[in-house]
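Let the sequences and hints guide you as you build the complete structure.
Protein chains: 4
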Amino acid sequence: MANSKYAYVRSFELPDNILPGTYMIVRLDGHSFHKFSTDHGFTKPNDETALRLMDAAAIQIMQAYPEVTMAFGESDEFSFLLRKSCNLFNRRSSKIASTFASLFAATYTYRWAEFFPNTPLQYPPSFDGRVVAYPSSVEIRDYFSWRQADTHINNLYNTTFWALVLNGNLTTAEAHGKLKGTSSSQKQEILFGQFGINYNALPERFRKGSVLYRQEATASVETPAAGVDNTPGQGSITATSIVPPRRPRREIVVEHCDIIGPAFWSSRPSILGGQPSPE
Amino acid sequence: MANSKYAYVRSFELPDNILPGTYMIVRLDGHSFHKFSTDHGFTKPNDETALRLMDAAAIQIMQAYPEVTMAFGESDEFSFLLRKSCNLFNRRSSKIASTFASLFAATYTYRWAEFFPNTPLQYPPSFDGRVVAYPSSVEIRDYFSWRQADTHINNLYNTTFWALVLNGNLTTAEAHGKLKGTSSSQKQEILFGQFGINYNALPERFRKGSVLYRQEATASVETPAAGVDNTPGQGSITATSIVPPRRPRREIVVEHCDIIGPAFWSSRPSILGGQPSPE
Amino acid sequence: MANSKYAYVRSFELPDNILPGTYMIVRLDGHSFHKFSTDHGFTKPNDETALRLMDAAAIQIMQAYPEVTMAFGESDEFSFLLRKSCNLFNRRSSKIASTFASLFAATYTYRWAEFFPNTPLQYPPSFDGRVVAYPSSVEIRDYFSWRQADTHINNLYNTTFWALVLNGNLTTAEAHGKLKGTSSSQKQEILFGQFGINYNALPERFRKGSVLYRQEATASVETPAAGVDNTPGQGSITATSIVPPRRPRREIVVEHCDIIGPAFWSSRPSILGGQPSPE
Amino acid sequence: MANSKYAYVRSFELPDNILPGTYMIVRLDGHSFHKFSTDHGFTKPNDETALRLMDAAAIQIMQAYPEVTMAFGESDEFSFLLRKSCNLFNRRSSKIASTFASLFAATYTYRWAEFFPNTPLQYPPSFDGRVVAYPSSVEIRDYFSWRQADTHINNLYNTTFWALVLNGNLTTAEAHGKLKGTSSSQKQEILFGQFGINYNALPERFRKGSVLYRQEATASVETPAAGVDNTPGQGSITATSIVPPRRPRREIVVEHCDIIGPAFWSSRPSILGGQPSPE
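Protein chains in written order, with UniProt numbering: chain R, 1 to 279; chain C, 1 to 279; chain P, 1 to 279; chain L, 1 to 279.
Just so you know, the hints here were simulated from the structure itself, not pulled from any lab data.
Mixed in with the good hints there might be a few duds.
Identical chains blur together in the list; that is why a pair holds if it fits in one copy or across any two.
[Said to hold, decoys possible] Straight-line distance between alpha carbons at most 25 Å, and here's what the computed DSS-like set of lysine-lysine pairs gives:
#1 LYS5 - LYS84
#2 LYS44 - LYS5
#3 LYS187 - LYS5
#4 LYS178 - LYS44
#5 LYS5 - LYS180
Shown next as structure tokens:
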């Protein structure tokens, strides 16, 4: 057949399977989202609607791929945890990373108008993805601590920075200069002393990011949308499916809670596989 | 800093750079597109509008990434060629594959309503991506020959199959049975003898797929859209940018021409690097 | 400098680091050792002297690389276990595999005459090496069980095969035919019924392979050599160093004991890391 | 069978095949050879006998692996070129690197006494190996230029350094200090002005390293050995086999010639595959 004489080119496709028996984390990052957020007038330092849209895209990933036991998002990034025993796409790294990044960006685009009814999407966004393997639960806990600590550090900086710029009448250069080398407590003092802002009273969503996991269904709830009153920090919101999930047994919960301490993990052992999971 | 004690988890991110000095091909494939095409009522055996939407998404990739010198698409897949000297994302495999798959799916979603104004998009599509390295232009030519030969083989089969089903009143199982083991010429005889269809008179788009490349600008033209009369096979259509391209020097042309023979390549030497290979 | 214009070729050296936090096993296999053993007149089915030379080469590896906590050898292969935290050669796969294979083959050659004083080495032997990562102690235990079960299966087959050939006057083809499809107990019955050989009374070295690990020094002992009476199965032999080891704290012990059951491991916790695994 | 429940551990062996259609270079480097050369009293700055032993080990590699078309050696390193079409060990990186490093070290050990009859080998040496892929002949030429330029730079430095130490009565620290920042011509002036040494009259072996390739056999010759008068620089020496080579059609030549310029390559097109090779 005409095709067979060319088919040898397939032999150049080198395998990129992830080591078996390890946890996999898929991290997605927005591509050029500084520009994207400016072009679409996102509120500074945090745009809650944009963050909710990120959550919705992450929920779509978790509905499509039941192998994901947990996700964490902040700013324009999201991380997804896959079980040690997960054999999705035969653990091919590029296939997993590209499929997740693809579905995430398509969902973000698909649901944009629902979250931003008055702001047209000017162009399609994109996200890059990577898969990282971790051999034990110790590193998984530390990975999520790393991301949540990053959320705190960035949010405190950005909150103080934009207070200085928007309310303190500093230029962005002046604000950066004033914050250079300051400690966390010094930034909190600036916020409180100069602007009356108690950092710890800010919404947990901004300070702690979004934590998504699966929970036994107790009641029917809605997918988060811009018009729905899901006040951050007041509790959990859950999602129903847009498309029929492959194994729709457990609901996906979105919280904005601490995941650095042990409490979150010890009360949800199935996330790390500490007990036999029904999935 | 609180973050630093966790930052060691970054050391688990193993590099996946593609060998320097090689051509890279990024191939994207639709995820579960058999179901997607059924759910959205695509015309069988070929839905021209859906193929044009694929082209539009590929044009978006080429506008965003000037390193792409050529692309080829058929059905629910698209392949993009990157130069040997290309250093995009430091040649990181997952980053390239995921970003391309992400932008492609988001563009497909973003422009859906323009191409299918009367068919709502029911859920976001996704594509997987992979990067394959090829050391020389010989393999690149053979790669694209492989894909275009595949286009021909699949289209001839599908055209005959759907003629038997839609016009010949065969069940799908009967049609598959009838075609089993038939040669290309036997399928063409069925098409002509039973249905009066001259296979070689079918649109070149269906028989040869879409070939995209860059050409010196001569006139301003529009992005292909469903309502625009860009009859396939009658010549080239070109595209203007949705977002400002990074190096907006050359227009992207969509053709449906033969790329197995040498003529296409010898008249466009810049696609493979613009200089005769020493090998 | 003249060199700098060529130094870009270094950028083609792609990294091949093993995932951090995983155990590494380096397995060495003799290259064309069927021919090598014939050329040098090794006793069938087992040549004890040749096995002792293998042990000596493995001891050399463990003396040179204190990161190795254990080794297991049978026939013409040896496997070395490296700790999870081991950072030898920055965990570069090819560097570890090649250095171990190189030192092993050189030691085998270097000490040949000591073990085979009457058999000249006709040509230098070689071994290939590979590094395999395992995330947890469960897989490490299973890895060594896999190799020791293989030792038993091969040895029972070979012992019966050579009894049939050397004492039963069968051709090799007849012996293979007679053994085809037989169970372990059937082979043992042939051995005992036809040749009066009680398989379980054969030397443990042949049935269980060589297990090397480190032990707190209690007395000075010698490197195993052909002339030294280290009867297999009667206890442990230990080794002193040829070259000064980097951390000469613990002696290397050679045993021929069971490593499939838990006893070996539970009484030597430092081999797998010295602390109970959280998983 | 008892073995099968453990055999899953094989699935952790991830493939490491080198991209097809590329040249492969296997570079071996001596492990701790500074110490090794001191322990064995090698002549400074160059020990011709030790270099000849390196050549002999490289010849053994080329005899065992006819896929090697050329090799280049200097100091304690050797590089081997494999054809683009070479499928040795299915192009598995660790297997190639480890086997070459292993055979090289074993040969070095095996033939030591022949080259150094009066200097006992105190311990077995070892070499590490790596495989690097290069897509075109341009990079291969530049690779070997890189190594030969390195030979020149190192040899000029070492020759001047040891002249200052051995004949100029400088301490090693003083010699390093005097040479710091000097150009090539300044070093040559020191050599000539202070010690009457004309650098360009030194043996080509020291200045240009060893170049090994295959040549149509014209006459029977001997493997280089310490006692044989193969004066470097006066022409070619060739080698006969220690073990029967797999395809013993062409003799291996050792020269000490320039490989940076085009002459060497243009007159031996088969090295880079420029013409169909009989092998």
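Structure-based check of all given hints:
In this assembly of identical chains, the alpha carbons of LYS5 and LYS84 lie at most 25 Å apart only when taken from different copies (19 Å versus 40 Å within one copy). For the homomeric pair LYS44 and LYS5, neither the shortest alpha-carbon distance inside one copy (58 Å) nor that between copies (29 Å) is at most 25 Å. Within a single copy, LYS187 and LYS5 get their C-alpha atoms only as close as 66 Å, which misses the 25 Å cut-off; across copies the closest is 21 Å, which meets it. Taking identical chains as interchangeable, the C-alpha atoms of LYS178 and LYS44 lie at most 25 Å apart only when both belong to the same chain, with a minimum of 18 Å there against 61 Å between chains.
For a Cα distance limit of 25 Å, the shortest separation of LYS5 from LYS180 across copies, 22 Å, qualifies, whereas the shortest one inside one copy, 63 Å, does not.
In the structure shown, a violation is registered for the earlier hint numbered 2 alone.
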